[in-house]
Amino acid sequence: MQDTHGRTHSYLRISITENCNLRCTYCMPTEGIALTPKAHLMTADEIVSIAQTFVNLGVNKIRLTGGEPLVRKDAADLIQRLGKLGVELTLTTNGILVHNFIETFKEAGIRTLNLSIDSLQKEKFNQITRRNYFDKFQENMELLDANGFNLRLNVVVMKGFNDNEIVDFIELTKNRNIQIRFIEFMPFDGNQWKRDKLVSYADILSQVNDNYSVENVERLTDKPNDTAKNHKITSYKGSFSVISSVTNPFCSTCNRIRLTADGKLKNCLFSNTETNLLQSLRAGESIEPFIFQNIKSKMAMRGGMDADAKFQNPDLFSKNRSMIKIGG
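In the numbering used here, the protein residues as written are 1 to 328.
Rather than coming from a laboratory, the hints here were simulated on the basis of the structure.
Where a beta carbon is used, it is the ideal one built from N, C-alpha and C, also for glycine.
Heads up, none of these hints are tricks.
Okay, derived cross-link-like pairs now, DSSO-like style, lysine-lysine, Cα gap no bigger than 30 Å in a straight line:
| id | residue 1 | residue 2 |
| --- | --- | --- |
| 1 | Lys174 | Lys124 |
| 2 | Lys136 | Lys159 |
| 3 | Lys174 | Lys136 |
| 4 | Lys61 | Lys136 |
| 5 | Lys159 | Lys124 |
| 6 | Lys136 | Lys197 |
| 7 | Lys124 | Lys232 |
| 8 | Lys232 | Lys122 |
| 9 | Lys73 | Lys122 |
| 10 | Lys73 | Lys61 |
| 11 | Lys122 | Lys159 |
| 12 | Lys197 | Lys122 |
| 13 | Lys237 | Lys159 |
| 14 | Lys229 | Lys197 |
| 15 | Lys106 | Lys84 |
| 16 | Lys223 | Lys84 |
| 17 | Lys159 | Lys229 |
| 18 | Lys124 | Lys237 |
| 19 | Lys237 | Lys223 |
| 20 | Lys296 | Lys61 |
| 21 | Lys61 | Lys232 |
| 22 | Lys136 | Lys73 |
| 23 | Lys229 | Lys106 |
| 24 | Lys122 | Lys237 |
| 25 | Lys197 | Lys159 |
| 26 | Lys61 | Lys223 |
| 27 | Lys229 | Lys296 |
| 28 | Lys136 | Lys124 |
Computed spacing ranges between beta-carbons, pair by pair:
| id | residue 1 | residue 2 | range |
| --- | --- | --- | --- |
| 29 | Arg23 | Ser297 | 31 to 37 Å |
| 30 | Asn132 | Asn164 | 19 to 25 Å |
| 31 | Ser297 | Thr112 | 28 to 34 Å |
| 32 | Tyr212 | Asn272 | 38 to 44 Å |
| 33 | Ala146 | Pro289 | 45 to 51 Å |
| 34 | Gln279 | Asn216 | 50 to 56 Å |
| 35 | Asn21 | Ala146 | 19 to 25 Å |
| 36 | Ser297 | Gly58 | 15 to 21 Å |
Given these sequences and hints, build the entire structure.
Here it is as structure tokens:
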């Protein structure tokens, strides 16, 4: 599955639900969202069928997202079925329900989990999630660690809110082999994005260099197709990275495609165009031609927002879905 810019796509992110048990401000609009009627969402059989088609076309990694994927009633069964496709299977979760899925993860071959947490301070955590689950998150992170899972903590950094916790997060890597992933605040429909809320890759490194001597900050070698720019503090067990979609996009090596919970294929997180694979599947049509057509239409950078002025234009990014309806 190669686009017109020479990029081969082997990584599929599948949103299996639009529902979530948190209400994070950068993901969920303040007024909430109108949920897609159940009849228009993919069933477990349809998810597995579409996933198998992508595997046949060269996908070797699948990540399950949401909403919060673990709130889906048949999540355990679905995870186990997808674990039999012979690909690297992983999951992005807010961690609140993982205690119910430890054995499911192991049986499905999941070894790495991305946990979303944007503050190590209880009051801030509750403020941004609009819920009171901080203690449960901490308890479940310890549980996953004790069970040998590789953990990556996703942190959306926002100026004036949690940018003063960057060093606190990095200190978590001192005695733990975990990765902290700082994510630049990105614009989506309804999340009140403004440029002045952005904490850039350069801003984050500036804080790091102010708190650690330059010779102790190592720039690691990034993996092929990596979205993150990876670093570590010398002698620390873990590492930290920055996903700089706004200030230093990684589009030239992107190998990712996204399937929304209602069965629409997005070739870029920022694209406002989609291909309805579920409709074609239910009509008994082969979805392969539609997949290839979608991949071929992928633009060189951020769904066509290839200049800073475009990226800051709400008339462009507000045409995209909210993050919760795309899949985190």
